[in-house]
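**Q** The lines below spell out each chain.
2 protein chains.
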Amino acid sequence: MTVALHDAATLDAVDPLAAYRDAFVAADDESIVYLDGNSLGRPPLAVADRMTQFITESWGTRLIRGWDEGWFEAPLEIGDRLGHLVLGAAPGQTIVADSTTVSLYKLIRAALAARPDRSRIVIDRANFPTDRYVVQGIAAETGAQVDWIDTDPATGVTVADVAAVLGPDTAVVVLSHIAYRSGYIADIPAITAATHAAGAVVVWDLCHSAGVLPLELDAWGVDFATGCTYKYLNGGPGSPAFLYVRAEHIPTAVQPIPGWMGVKDSFLMGPDYQPADGIRRFISGTPPILAMMPLSVSLEIIEQVGIDAIREKSIALTDYAIELYDQILAALGVTLSSPREADVRGGHITVDHPEFPVLISSLWERGVIPDFRPPTGIRLGMSPLSTSFTEVRRAIVAIGEELIARTERSNL
Amino acid sequence: MTVALHDAATLDAVDPLAAYRDAFVAADDESIVYLDGNSLGRPPLAVADRMTQFITESWGTRLIRGWDEGWFEAPLEIGDRLGHLVLGAAPGQTIVADSTTVSLYKLIRAALAARPDRSRIVIDRANFPTDRYVVQGIAAETGAQVDWIDTDPATGVTVADVAAVLGPDTAVVVLSHIAYRSGYIADIPAITAATHAAGAVVVWDLCHSAGVLPLELDAWGVDFATGCTYKYLNGGPGSPAFLYVRAEHIPTAVQPIPGWMGVKDSFLMGPDYQPADGIRRFISGTPPILAMMPLSVSLEIIEQVGIDAIREKSIALTDYAIELYDQILAALGVTLSSPREADVRGGHITVDHPEFPVLISSLWERGVIPDFRPPTGIRLGMSPLSTSFTEVRRAIVAIGEELIARTERSNL
Numbered sequence: 001m002t003v004a005l006h007d008a009a010t011l012d013a014v015d016p017l018a019a020y021r022d023a024f025v026a027a028d029d030e031s032i033v034y035l036d037g038n039s040l041g042r043p044p045l046a047v048a049d050r051m052t053q054f055i056t057e058s059w060g061t062r063l064i065r066g067w068d069e070g071w072f073e074a075p076l077e078i079g080d081r082l083g084h085l086v087l088g089a090a091p092g093q094t095i096v097a098d099s100t101t102v103s104l105y106k107l108i109r110a111a112l113a114a115r116p117d118r119s120r121i122v123i124d125r126a127n128f129p130t131d132r133y134v135v136q137g138i139a140a141e142t143g144a145q146v147d148w149i150d151t152d153p154a155t156g157v158t159v160a161d162v163a164a165v166l167g168p169d170t171a172v173v174v175l176s177h178i179a180y181r182s183g184y185i186a187d188i189p190a191i192t193a194a195t196h197a198a199g200a201v202v203v204w205d206l207c208h209s210a211g212v213l214p215l216e217l218d219a220w221g222v223d224f225a226t227g228c229t230y231k232y233l234n235g236g237p238g239s240p241a242f243l244y245v246r247a248e249h250i251p252t253a254v255q256p257i258p259g260w261m262g263v264k265d266s267f268l269m270g271p272d273y274q275p276a277d278g279i280r281r282f283i284s285g286t287p288p289i290l291a292m293m294p295l296s297v298s299l300e301i302i303e304q305v306g307i308d309a310i311r312e313k314s315i316a317l318t319d320y321a322i323e324l325y326d327q328i329l330a331a332l333g334v335t336l337s338s339p340r341e342a343d344v345r346g347g348h349i350t351v352d353h354p355e356f357p358v359l360i361s362s363l364w365e366r367g368v369i370p371d372f373r374p375p376t377g378i379r380l381g382m383s384p385l386s387t388s389f390t391e392v393r394r395a396i397v398a399i400g401e402e403l404i405a406r407t408e409r410s411n412l
Numbered sequence: 413m414t415v416a417l418h419d420a421a422t423l424d425a426v427d428p429l430a431a432y433r434d435a436f437v438a439a440d441d442e443s444i445v446y447l448d449g450n451s452l453g454r455p456p457l458a459v460a461d462r463m464t465q466f467i468t469e470s471w472g473t474r475l476i477r478g479w480d481e482g483w484f485e486a487p488l489e490i491g492d493r494l495g496h497l498v499l500g501a502a503p504g505q506t507i508v509a510d511s512t513t514v515s516l517y518k519l520i521r522a523a524l525a526a527r528p529d530r531s532r533i534v535i536d537r538a539n540f541p542t543d544r545y546v547v548q549g550i551a552a553e554t555g556a557q558v559d560w561i562d563t564d565p566a567t568g569v570t571v572a573d574v575a576a577v578l579g580p581d582t583a584v585v586v587l588s589h590i591a592y593r594s595g596y597i598a599d600i601p602a603i604t605a606a607t608h609a610a611g612a613v614v615v616w617d618l619c620h621s622a623g624v625l626p627l628e629l630d631a632w633g634v635d636f637a638t639g640c641t642y643k644y645l646n647g648g649p650g651s652p653a654f655l656y657v658r659a660e661h662i663p664t665a666v667q668p669i670p671g672w673m674g675v676k677d678s679f680l681m682g683p684d685y686q687p688a689d690g691i692r693r694f695i696s697g698t699p700p701i702l703a704m705m706p707l708s709v710s711l712e713i714i715e716q717v718g719i720d721a722i723r724e725k726s727i728a729l730t731d732y733a734i735e736l737y738d739q740i741l742a743a744l745g746v747t748l749s750s751p752r753e754a755d756v757r758g759g760h761i762t763v764d765h766p767e768f769p770v771l772i773s774s775l776w777e778r779g780v781i782p783d784f785r786p787p788t789g790i791r792l793g794m795s796p797l798s799t800s801f802t803e804v805r806r807a808i809v810a811i812g813e814e815l816i817a818r819t820e821r822s823n824l
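Line by line, the protein sequences give chains A and B. Residues in the first sequence are numbered consecutively from 1, following our numbering. Residues in the second sequence are numbered consecutively from 413, following our numbering.
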């Protein structure tokens with residue numbers, strides 16, 4: 001390769017978002033190179049104080065009155081903020097609650113219920129395990145059949161892949177927007193339109209896209225969507241998921257886990273389940289108020305920066321990672337398992353090498369923290385708000401050094 | 413009534429648990445009389461610092477490594493601590509995850525799956541709304557039939573009530589241990605035995621009993637149980653539920669929301685769902701690690717005090733509330749809707765009066781915070797660790813004063 005190697009320090013110096021690294025705990029700790037913010041984002045610096053304030057003031061002194069003073073509406077209110085800042089969703093279609101897995105279960109069941117005369121579910125084999133397991137479970141319990149799409153594992157699902165399996169009995173298509181391994185971006189508008197043309201509805205898993213690139217769920221015609229908030233949305237380990245249902249589906253939507261917090265009047269405690277008119281009907285149990293606090297803080301940062309600027313830096317980071325791959329790793333036999341074209345590439349890339357399953361622990365020991373994805377992938381996740389170009393460079397140099405060291409040892 | 417009125421200050425002075433009030437935020441704030449700890453318990457004082465430590469150290473600097481360093485096991489480990497200290501459950505049968513509603517859904521579905529040749533679900537009409545709605549929803553989706561028990565609303569479900577509806581087609585019985593309105597304690601051992609004798613299994617909702625009286629799930633033969641952790645377990649608003657499955661059921665148990673965190677090897681990311689051998693199979697999505705922190709702290713307090721001492725004070729508090737009711741409220745036309753006998757009475761009592769729906773807001777305005785339960789109930793919840801006898805006295809005096817004031821105004 002003859003591409004000149006950009007200087008990481010220069011890229012950091014001209015990075016318009018560089019100052020936002022200071023908004024996160026320990027992001028300036030040079031003993032760690034953290035390239036796994038797409039698995040667990042760093043805590044915003046303001047979270048600890050905000051949590052203390054919440055515990056000592058809201059929970060501690062308002063006590064049960066907190067429910068009347070905002071908590072009851074919090075899952076919808078934070079959902080609307082997320083909808084506005086991140087999802088491209090008008091108010092009244094998004095809640096924050098449950099885990100992504102539980103949300104997927106509710107949405108796929110609701111999607112099937114919306115097409116009662118159809119019984120086939122489409123999903124791809126490269127989808128995240130939870131998505132596949134939930135679909136398999138729902139198929140087993142409802143008698144639905146699954147149409148599996150085989151995609152090129154290095155890329156992701158295309159509209160042609162989906163169109164090839166859509167049929168008159170297709171009820172619902174379940175796909176991830178950004179492939180968790182390759183980082184490939186599926187074409188939501190085109191796949192959603194093709195699905196609708198076949199009379200089916202689509203459930204989009206946005207785990208790897210929410211917070212790292214602009215989404216336009218309303219404009220794209222998306223029916224149902226969910227995703228986690230602990231990756232690019234910095235909600236903390238096991239923070240609750242978000243769940244989106246297109247306005248037109250809500251009045252007739254049926255979800256399988258009816259609960260007292262999702263009814264017209266929770267404190268009437270009536271004899272029969274009367275679902276709330278709006279998106280509240282998708283709430284089951286008491287919403288995780290305390291666990292939403294970090295997300296609420298990180299949305300303030302996203303509001304300041306704007307999702308377009310985040311996407312711009314995300315592309316610069318992954319472009320730079322690929323430039324370094326070409327310069328350092330390609331010659332060492334490492335393959336790039338992610339798209340080179342920025343417009344179909346999310347916020348992470350995966351590189352593969354047969355030595356990576358054993359090499360990953362050496363990286364972690366030296367404080368270089370990417371993720372490992374079987375069978376042989378190292379996944380480099382770059383959180384635009386908290387990752388520096390220097391970190392990207394140090395990670396890829398470290399991978400190269402470890403590979404060379406292993407080769408030298410095996411040649412002795 | 414000729415019972416002498418105990419002096420609240422004296423009762424507080426001799427209360428062996430009085431010092432533990434200092435272990436909770438703002439419990440010494442005399443401007444508030446808080447009798448709703450059975451709806452939302454106070455935060456333990458240590459929670460804010462522990463949360464800050466977790467955010468800045470565990471999440472902030474260990475980052476994704478936290479999953480390898482304890483978080484992955486946390487739902488089981490905190491579950492085991494809860495099992496030991498609160499539930500009477502040997503290790504390996506309890507997890508902390510999801511909301512109570514989602515847990516109920518999983519357990520009732522698992523219970524039905526354990527009795528595939530039967531199709532009837534037994535539940536009582538006085539059960540908490542979520543329990544009833546979940547049963548109705550599952551019946552609608554599976555074709556199961558519901559046998560409704562009508563109980564005396566002032567008490568609760570008895571073994572005779574259950575025996576009267578059990579039959580050869582009964583698959584599962586769904587009941588609350590302590591009635592959310594009356595505080596009546598159902599006889600878990602007898603009802604569980606009767607259910608087993610009929611060949612069915614039982615799902616116990618422990619929301620109003622966990623943390624306020626000794627439970628012996630293993631000894632009582634309980635099959636499945638769940639409950640929330642934000643009441644007497646002080647986990648914070650919307651904190652995750654606990655879920656118990658008896659060891660003998662686990663190897664064959666099927667729950668309806670399979671997820672990647674509940675399989676044999678989460679990071680294998682295999683093609684098919686292979687449930688973990690143990691209780692982990694009931695985990696669906698990524699567990700709410702941050703949201704478990706307060707519960708972890710409050711379990712330390714329970715470990716110091718012991719559940720027997722907690723129950724002893726709980727009985728003293730409710731005995732005293734009934735003594736004050738007799739002295740002050742009975743003559744004002746208020747009815748007692750809870751048992752007088754301590755052995756069948758949980759940690760709260762409910763009193764009813766036609767004026768209570770309007771009177772409750774006057775109480776809240778003067779800083780006296782019980783709960784309201786329709787149609788005409790004021791529910792007085794007493795958290796043994798954080799409620800004083802003085803608070804009980806002030807609450808009942810305040811109810812009496814407000815009733816008298818309303819009567820005087822209406823006589824003008």
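Heads up, some of the hints might be wrong.
To be verified - Where chain A lies over chain B, by a calculated footprint (3+ residues, C-beta under 8 Å): (1) 424–430; (2) 619–630.
What the hints assert, rightly or not - Examples of chain A residues toward chain B, derived with CB under 10 Å: (3) 51; (4) 52; (5) 255; (6) 273.
Since the hints were derived computationally from the structure, they do not count as laboratory data. Where a beta carbon is used, it is the ideal one built from N, C-alpha and C, also for glycine.
**Q** Mind listing which of the numbered hints don't hold for this structure, in increasing order?
**A** Numbers 1 and 2 - these are the hints that the structure violates, sorted from lowest upward.
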